[in-house]
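**Student:** This is what each chain is made of:
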Amino acid sequence: NAEYFFFKQWYQRRVRGAFWQQVRCLSTYGKLTDHILSSIGDIVGPHNVTTSESARNLHGTDESFHPTQAPDAVVTPLNTAHVSEIMRLCHLERIPVIPFGTGTGFEGGVGAMYGGLSLALHKMTEIVEVNSCDFDATVRAGVTRHQLNDWIRADGLHFPIDPGAGASVCGMCSTSASGTNAVRYGTMRENVLNLEVVLADGTVLHTAGEGRRPKKTSAGYNLTNLFVGSEGTLGVITQATVRLHGIPEATAAAISSFESIQNAVDAVVEILQCGLPMARIEFLNSDMIAACNGFSGLDLTEAPTLFLEFIGSPAGVEEQAMLAEELCVGNGGENFAWATEHSEREKLWKARHNCWYAVKAQHPGKHAYSTDVVVPISHLPDTIVHCHELAADMDVPLPIVGHVGDGNFHCFLLSDQGCPEEVIKIKDFSRALALRAQSVGGSCTGEHGIGLGKRELLIKEVGPGAMSTMILLKKSLDPKLIMNPGKVIALDHLE
Amino acid sequence: MSGLRVLVGCKRVIDYAVKIRVRPDHLGVVTDGVKHSMNPFDENAVEEAVRMKQKKVAKEIIVASCGPTQSQETIRTALAMGADRGIHVELAKGEEDLQPLAVAKVFAKLVEKEKPDLVILGKQAIDDDSNQTTQLLAGLLDWPQGTMASVLEHSDGVLKITREIDGGLEDISVKLPAVVSADLRLNEPRYATLPNIMKAKKKKIEKMSVADIGVDVTPRLKVQNVVDPPVREAGDKVPDVSVLIEKMKEKGHLK
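If you read the sequences in order, they're chains S and W. Take the first sequence: its letters are residues 1 to 495, numbered as in the numbering used here. Take the second sequence: its letters are residues 1001 to 1255, numbered as in the numbering used here.
A couple of the hints might just be wrong.
Here chain W is said to cover these stretches of chain S; the calculated rule only asks that three of the stretch's residues, wherever they fall, bring their Cβ under 8 Å from a Cβ of chain W [claimed, not checked]:
hint, segment
1, 151–161
2, 237–248
List of simulated lysine to any residue pairs, SDA-like, C-alpha gap at most 25 Å [to be verified]:
hint, chain 1, residue 1, chain 2, residue 2
3, W, Lys1199, S, Gly45
4, W, Lys1019, S, Ser343
5, W, Lys1056, W, Leu1184
6, S, Lys350, S, Asp150
7, W, Lys1203, S, Gly45
8, W, Lys1109, W, Asn1187
9, W, Lys1204, W, Leu1091
10, W, Lys1199, W, Asn1187
11, W, Lys1056, S, Ser343
12, W, Lys1201, S, Glu319
Facing chain S, a subset of chain W residues (Cβ under 8 Å, in silico) [to be verified]:
hint, residue
13, Ala1017
14, Gly1033
15, Pro1068
16, Gln1070
17, Thr1077
Simulated from the structure, these hints should not be mistaken for lab results. Backbone N, C-alpha and C define an ideal beta-carbon position, used for all residues, glycine too.
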């Protein structure tokens, strides 16, 4: 029962200590010996196995603030059969395996906490098939979203999910990624039709059946969405079949500043309630606008600002922009400007596009960190106000960018990696913010995933019933705990 | 002028993102089953023509391509971007090795037939990188040329062109009718959208053969050998500068 569960955790931590847990785990994992590496070399070819320091460091690093945790070796398979054989071997020898896509994750998902090997999937670059009439495409693990979009551009189609980075499609499945147009197209959860997955013991499965791509189905358990968001802890995603969408016929962009965050959010709520089929609604707070003004040489009013995008027919987008203007102005919106022509739209959205770099430019050399929480839209104003309260003692500007259509927002914080107090302050801020988001019915992560830093928050968020179910699933699918150990669920909850 | 008639040329080539493989007979690259698309510089050419039409500078855009049956798809893409009608010069068996001089001769005949005020081509095709057709065509027609255009402005029968050249940028003025070749920075080509792709299916594509046009397309150049560049060897890591200098002397890079 729940109480016993939490008591056990407390007892183990207090009495045994996390350190001893880690030592015990380390000693039970197999060692990646030269013999095993040579067997793997026989599978993928010796030039696709490396223990060079630079390769290992590269594959133990992502875009998060977590320090590099290099694996013991980097292995580059060329196809699913390779992955299956490698997993079979690693399962036998109990070697941790960390699938690696593009290393663009934000939550430390690629760090080799317990050693083992990084499975670099970038050579599996085949775009298996594109069915333009059916709006679906099947890609292997190494294909990035940019490569896919390039491939299908002549068909008038695109894969619209746009996390900031040039992530791999299967990596996006792994973290259930989303982007600025989730308000229109949804996240990966809504856009994956089928996955080919290799389990910890080498079993190859197709979550919706091999070669199948039904738009909807009621057949059996939803394995596809079990693996979407599993962050490499349940299996290796080697292939994904995703939904494609038509490239918009016309696009219009608009911008409006507001006196207060509340006014901006009220405008968003009204826009959504009017049923306007928004493509993007982004929010930048005053601190962010200030950073962008400085970086891009703009002179936007330093006030909470909405960036809107409409798609549809040329007549349709004009209609939408007019209605949005009415709603913004009705909520105290000022300086409403909109455009349809490409270069004009780019100008209007320049601040939003450059905001990550704008913040980094404020302190060159410092590491930039992005928080990631979601709250119900009605709680956005009070949550953002709370952010400012939390940041008060950090004495730094607090630039915020939000996908307000989903209630998902990011605070960008800078830290000197060599200054541990700064890093701790940021971690504390991030944790406090996540707890606040959870307290208003939101989530500790909107799009970046749990990774390493939010494992305890996950327990709090889903509760003991769901947590014990997740643990059950993890232990059934990966009984030897070799799939990306330490991520999503800490090892001491599994042993 | 009530609006220019523009003839745009486009070529179906192996997609730029594809990893090229040399044929076993070393006389070319593998094209069977490989993804093809419109030559990127031709996209710039089509886009420029479409923008001229949107600005009401051009009144009609004809897009032409010389190639196998599948070149029709390339023409359809151009039609979806906004061209009005297409001409497909379909190559027969034995005519596949179509070289720039032959293409220029074909286009010279098309110019005779369609009487455009302006011909825009992509500056070079990414499969052969010849960068010759525009120049040869201008020569055959005895028309002025503006190659590697990155800016194109029209006023009263005169084109102001900014050319990208090795030394920088060159501004020239050219009287119509003229032949122009598009460079990458001329514009950002639009994507064909689904509604426009549907509309393009109804636009006319006139088909003709080389024989119909009456042009001798015999190749004048023969490819003798195609090989991969040498495989890159692993580098050598040296512990300090003195060893580096020693190695450089060994390899004859330093005296």
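**Student:** None of the hints should be skipped; say for each whether it holds.
**Tutor:** Quick rundown of the hints versus the structure:
Counting residues of the segment 151–161 of chain S whose CB lies closer than 8 Å to any CB of chain W gives 7, which reaches the minimum of 3, so the coverage claim holds. Only residues whose C-beta sits within less than 8 Å of a C-beta in chain W count toward coverage, and the segment 237–248 of chain S has 3 of them, enough to reach three; the restraint holds. A threshold of 25 Å between alpha carbons decides the hint, and for W/Lys1199 with S/Gly45 the separation of about 50 Å lies outside it, so the pair is violated. A threshold of 25 Å between alpha carbons decides the hint, and for W/Lys1019 with S/Ser343 the separation of about 33 Å lies outside it, so the pair is violated.
For the given pair, W/Lys1056 sits about 23 Å from W/Leu1184 by alpha-carbon distance, which is consistent with the 25 Å threshold. Between the alpha carbons of S/Lys350 and S/Asp150 the distance comes to roughly 23 Å, so the proposed pair stays at or under 25 Å and holds. Among the hinted pairs, W/Lys1203 with S/Gly45 is inconsistent with the structure: their alpha-carbon atoms are about 52 Å apart, more than 25 Å. Our distance criterion of 25 Å between C-alpha atoms is broken by W/Lys1109 and W/Asn1187, whose separation comes to about 28 Å.
For the proposed pair W/Lys1204 and W/Leu1091, the alpha carbon gap of about 19 Å is at most 25 Å, so the pair holds. Restraint check: the Cα-Cα separation between W/Lys1199 and W/Asn1187 comes to about 24 Å, which is no more than 25 Å; the hinted pair holds. Distance check on the hinted pair: W/Lys1056 and S/Ser343 sit about 19 Å apart at the alpha-carbon level, within 25 Å; holds. Among the hinted pairs, W/Lys1201 with S/Glu319 is inconsistent with the structure: their alpha-carbon atoms are about 29 Å apart, more than 25 Å.
Taking 8 Å as the C-beta cut-off, the interface hint given for W/Ala1017 holds, the closest approach to chain S being about 6 Å. Because the smallest distance between the Cβ of W/Gly1033 and any Cβ of chain S comes to about 13 Å, over 8 Å, the interface hint for this residue is violated. With a cut of 8 Å, the hint placing W/Pro1068 at the interface with chain S is violated, because the nearest CB-to-CB distance is about 17 Å. With a least beta-carbon distance of about 12 Å to chain S, the hint placing W/Gln1070 at the interface is violated under the 8 Å criterion.
Interface restraint check for W/Thr1077: the shortest CB-CB distance to chain S comes to about 5 Å, inside 8 Å, so the restraint holds.
Comparing the model with each earlier hint shows violations of hints 3, 4, 7, 8, 12, 14, 15 and 16; every other hint is respected.
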